[in-house]
Structure formats: C-alpha cells, structure tokens
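**Student:** Listed here are the chains, written in short residue letters.
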Amino acid sequence: MKYGLKKFVTMLITILCISFLVYLAFDVIPGDAALAALGTDVEPERLAALREEMGLNRPFLERYFDWLLSFVTGDFGTSYKYNLPVADMIVSKLPVTVIMALISFIIMTAVSLPVGIYTAKHSGGRIDRVITVVNQIMMSVPHFFMGIIITYVFGMVFKLFTPGGFVSYETDIAGFLSYIIFPCIAIALPKIAMSVKLLRGSCVGEAKKDYVRTAYSKGNNTNKVLYRHVLKNAMIPVITLWGMMLADMLVGSIVIEQVFNIPGIGRILLTSISYRDYPVVEAIIVLIAFVVVVTNFCVDIIYGIIDPRINVGAE
Amino acid sequence: MLLEIKDLSIEFHDHDVPERVVHDVSFSLAEGEILGIVGESGSGKSMTAMAIAGLLKRHDVEKKGTILFEGTELLHASRAQLRKVQGNDIGIIFQEPMTSLNPVKRIGWQVEESLRIHRPDMSKEERRHRAITALSDVELPNPEQVYKKYPHELSGGMRQRVMIASAMICEPKLLIADEPTTALDVTIQLQIVKLLQRLNKEKKMAVLFISHDLSLVKRLCDRIIVMHNGDLVEQGSAQEIFENPKECYTKELIDAIPRLEKLV
Chain A
1 MKYGLKKFVT MLITILCISF LVYLAFDVIP GDAALAALGT DVEPERLAAL
51 REEMGLNRPF LERYFDWLLS FVTGDFGTSY KYNLPVADMI VSKLPVTVIM
101 ALISFIIMTA VSLPVGIYTA KHSGGRIDRV ITVVNQIMMS VPHFFMGIII
151 TYVFGMVFKL FTPGGFVSYE TDIAGFLSYI IFPCIAIALP KIAMSVKLLR
201 GSCVGEAKKD YVRTAYSKGN NTNKVLYRHV LKNAMIPVIT LWGMMLADML
251 VGSIVIEQVF NIPGIGRILL TSISYRDYPV VEAIIVLIAF VVVVTNFCVD
301 IIYGIIDPRI NVGAE
Chain B
1 MLLEIKDLSI EFHDHDVPER VVHDVSFSLA EGEILGIVGE SGSGKSMTAM
51 AIAGLLKRHD VEKKGTILFE GTELLHASRA QLRKVQGNDI GIIFQEPMTS
101 LNPVKRIGWQ VEESLRIHRP DMSKEERRHR AITALSDVEL PNPEQVYKKY
151 PHELSGGMRQ RVMIASAMIC EPKLLIADEP TTALDVTIQL QIVKLLQRLN
201 KEKKMAVLFI SHDLSLVKRL CDRIIVMHNG DLVEQGSAQE IFENPKECYT
251 KELIDAIPRL EKLV
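So the sequence lines, in the order shown, correspond to chains A and B. Heads up: the first sequence begins at 1 in the numbering used here, then just goes up one per residue. Heads up: the second sequence begins at 1 in the numbering used here, then just goes up one per residue.
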C-alpha cells in the first residue's frame, strides 16, 4: 500500500507541474481573452479597460490558481471562438475519442497476446519468420497511411463501410461500431506489430533463464513452463509498452479522426489551434496529460501486483 | 543398481566443428550411495548430470550410449516418459541458487510444484503440509513464513535450501547436485554439504554430487569419479582416490587443494 500511495502522490505532483507549465506557456504566447474578444484593431484604452475588468492584470500566480481551482471543479473556461463553455465542447466529443482508443487497445491486446506467444513458442519456425516480416512492414507504416489503405480496401473495394459516413453513437450504436472498427484497426495495427515483437523477444529471453531449467527439471511440459513460469515474467516489459500505447492511442486518434472524418477531440484540437482558441487547447492538453499520467499510475500499480520485487518495503 | 551409465557420449553440433563434451563414460550408482564427480570446468561433469536429469537441449546434440535408471532407458526416452521421472524419481539442484527460482512466484508454490505435477490427487492442505515439512527438513527457520515469501527476500544459502526442498518434495530416489555450493560462501558450503549428508542417511536417497572442490567431495562422497576433457579418468572409493591416485591428472587435482601447511 505504501508503494501505491507513493506512486499516487507522484502522479498528483506530475499533474500539477504539467498544468502549471501549460498555463505558463499560454500566458507567455501573445494574445489573451480580451484581445480575442475585441479583435486586433481596437484602441489600446478599451483593451486595457477590458483586461482590468476580466482580471487579466492580476499577478500570474493568482490567475493560475484561479484557473486551476475552476479547472478542478469542471469549469474549463469559455471558448474565444464559439463563446461556449469549453467543458461542454469537450464532453460532447470525448466519448468518440475514448471509445476509439479503448477498442483499439482491446484489438491490440487480443491479437498481440496470442500471436506473440505463438511466435515465441515456435521461434525460428516458418510462421514465425513470416510474422516477423509482416511485423516489420506494419511497424514502418504510419497509422494514418494505414487508415488510407484501409479506407480504400475495406471502404471502396469491399464496401464494408462508407468512407466519411460517420454515424453518431447517439443515433445508431451498431452503425457507429461498424464504422469505428476500421479506424480502430488502423490505429491498432502498428501497435500490434510492436507488442508482438516485444512479447516474442521477452518470452524467448526469459526462456533462457535458469528458473526455466528448474521448471523443466520438475517434470513440467513446454506449455506449463510457458504459461506458469515464463509468461508472467515476460509480461513485465510488455505492460509498460501497453501503458504507453494506451496513452498514445488517445493522442494518435487525432490524426486518424481526420482521415476517417470522425468528429472527436482531435478535430476540436486542430480547429482551436488554428483559431488560437487558447482555453480549448489548454483544456485538451491538460486532459491528455492527465490521461497519460493516470495510465502510467495504473501501469505502476499493475507492476506492483505482477512483480513482487518492486514492492520492497511494502510490508 | 539404481543408475547405470554405459558408454555415454554427448556431442554438440551447434557450431561448424562438432564439439565432443562427454566421451564413452560408464559408471553406476547404487541406492543410497553418494557418488562424487570431480573435474575442472569443461570436463563434461555437468553435461553428464544434465543427461541423467533429461535436461540436455533437444536440438543439435548427438547422444550415444545408455542411461538406465532402475532398468529404464532415459537417454533416448520420449519427452513424455522423461517427464514422469523428472521431479518425481530424480531431483536436481543447480549451481546458481540466485537465479534458479522463479522471481515472481512464491516459495511455497515452487516447492509444491512437483507434487502438483506428479501427485495431482493430493489435496491442497496436504501439499501445503508437505511443503512446510520439506522446508523445515532443509533446516530453514520459520518454514511457514518462508512458504509465503518470494525468492528475492531470501539469501543465497536459503534459496539453495529451498531448491533442495523442492527437488526432494516427491521423495526422489536420486538427487543430482550440480555444483550446489560453488556460488555460496565457505561457511554456507559446509552447511549445505552436511545437510545433503543428513538427508542421504534419513531418506535413503542416492546423491550424485558434482563439484570441482575436492575437499568437499572428500568430506561427503563414498565413491569418486574423476573427469577430464570429457573422459572418465579414474574412479574408486574416496579413500583410494585420495590416498593412492593412479593417474597424474588426479594427483594434480589433489595437489591443487589449498592446505594450511603449504601456505605457511
């Protein structure tokens, strides 16, 4: 428990630091809420008056803590461009991005685990060699290009979905899922390749260790040695990778959303960046950072469960 | 005879030139006997042990001769047949106690493992009871606590005791100890040797003790085999070997034992 608490405190400090840096960055960049509201050709007196009124002349730290406090309570500020609460804008788009990331993650684990174990068990065999080559190709193709290929093959040749014909989950869940599955595959494919490679290498490396010889000396067969001894050890680096990938999938969906014309967080982020809609950008950056940090925290906790050596001093 | 080895030869073919690690080795081991195999590294003593335990790698290796264990051929036996003997009738402990246990599994689970494989009908409580008895048999203090611990929480000497306990859980007729004390410090080495001696007497279990340390072998073994470059150089009772070595190599080995009078 001591270990978990330590990791939790580290996580809180990290989130605080990120929020500070993000707020600082957008404070340093020219342009603020008053300028956004009045436009660039306004008289300096009016601008100064509005700044005073909006409290933009207060010391930086005071404004930061104000912003942080309202952020924690769910008030992410108001969009300069749409004059809407940022929270509302994000909340309506968040589910699409999150569902996409989760489905991609499930596809990745469900495929890479059996394939990784199979290739490790039959390493050097014909199928292993074929998969290694396929892996190399998958890894070197960026996921947006994969998205274009998938759109062409499944959308235009096999007509399994209508390219660009996004269906909202609010109107038709089945339609939504049967559309979203293709971008998810595009996101998952390069990641599957990476985690198959890592899992295979990790299993093969573990299988050379002394404890495996001990396991065989007790009369275990290959499957028992693999599943009862090797796999748990081999999963330790793979879980680190998966943690990073879950975070990466949330961020990575920004590009894929463009390719597949999906109205998610990625689209708001891109439009707000081009309109210099700072409150929206700020909120999304902090949210993404938050997700990354929380995922890392979960990975650390899972580590502690799998590897007893990490919990030193826990008793 | 419990174990009879006839004309055992092992050759590795994983490089361009075949590597002969054991050549025409024959010896036997009676029930309840302690046999020592001595020799420098590369003499083929460990490979002989691995062959008996069925742990030679499966590819690029050529095996000749026979290993009869209670009359059953092991060297060319199928994997399934071997598995019935491994951990059940033959237990083995290794040179590296620090890495021979699985780091992510509890001691109790690992000690019980052979029971789970070879005595599937045994109840959980019975297994636990046996494991704790085995842990106290190898003179570990607080066996109930050790049962719940992970390998990294134990010292090298304790881990080697755990290895012995888990190799002996099914009460094998033969325990192979492949340099079990090499990685341990001197005082612990002696404790482990005394422990093996005690277990040999109490459980009527034969021990094949492999070491490069002649002083330990002299202390423990009834009979001794000397190996050099894959060949069996000399064999005889411990007394014969030490008092009247026939081969020069054996003499050299005996002379290499550090003695107090030599140092002074």
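Careful: at least some of the hints might be erroneous.
To be verified - Chain B is faced by these chain A residues, among others (derived, beta-carbon under 7 angstroms): (1) G219; (2) N223; (3) Y227; (4) H229; (5) N233; (6) P308; (7) R309.
Claimed, not checked - Simulated crosslink set (PhoX-like; lysine-lysine; CA at most 20 angstroms straight-line): (8) K105(B) with K224(A); (9) K124(B) with K224(A); (10) K197(A) with K208(A); (11) K232(A) with K148(B); (12) K209(A) with K121(A); (13) K105(B) with K57(B); (14) K57(B) with K209(A); (15) K63(B) with K224(A); (16) K232(A) with K209(A); (17) K209(A) with K194(B); (18) K197(A) with K232(A); (19) K232(A) with K63(B); (20) K2(A) with K201(B); (21) K57(B) with K121(A); (22) K201(B) with K246(B); (23) K84(B) with K224(A); (24) K246(B) with K218(B); (25) K232(A) with K208(A); (26) K105(B) with K208(A); (27) K149(B) with K232(A); (28) K57(B) with K208(A).
Bear in mind the hints are in silico, worked out from the structure with no lab data behind them. In this text, a Cβ means the ideal position worked out from N, Cα and C, and glycines have one as well.
**Student:** All hints are to be evaluated individually against the structure, with a verdict given for each.
**Tutor:** Consistency of the hints with the structure:
| no. | hint | result |
| --- | --- | --- |
| 1 | G219 | 4 angstroms, holds |
| 2 | N223 | 12 angstroms, violated |
| 3 | Y227 | 12 angstroms, violated |
| 4 | H229 | 5 angstroms, holds |
| 5 | N233 | 6 angstroms, holds |
| 6 | P308 | 4 angstroms, holds |
| 7 | R309 | 5 angstroms, holds |
| 8 | K105(B) with K224(A) | 14 angstroms, holds |
| 9 | K124(B) with K224(A) | 19 angstroms, holds |
| 10 | K197(A) with K208(A) | 17 angstroms, holds |
| 11 | K232(A) with K148(B) | 18 angstroms, holds |
| 12 | K209(A) with K121(A) | 15 angstroms, holds |
| 13 | K105(B) with K57(B) | 25 angstroms, violated |
| 14 | K57(B) with K209(A) | 14 angstroms, holds |
| 15 | K63(B) with K224(A) | 26 angstroms, violated |
| 16 | K232(A) with K209(A) | 13 angstroms, holds |
| 17 | K209(A) with K194(B) | 29 angstroms, violated |
| 18 | K197(A) with K232(A) | 17 angstroms, holds |
| 19 | K232(A) with K63(B) | 34 angstroms, violated |
| 20 | K2(A) with K201(B) | 47 angstroms, violated |
| 21 | K57(B) with K121(A) | 15 angstroms, holds |
| 22 | K201(B) with K246(B) | 30 angstroms, violated |
| 23 | K84(B) with K224(A) | 14 angstroms, holds |
| 24 | K246(B) with K218(B) | 17 angstroms, holds |
| 25 | K232(A) with K208(A) | 15 angstroms, holds |
| 26 | K105(B) with K208(A) | 17 angstroms, holds |
| 27 | K149(B) with K232(A) | 17 angstroms, holds |
| 28 | K57(B) with K208(A) | 11 angstroms, holds |
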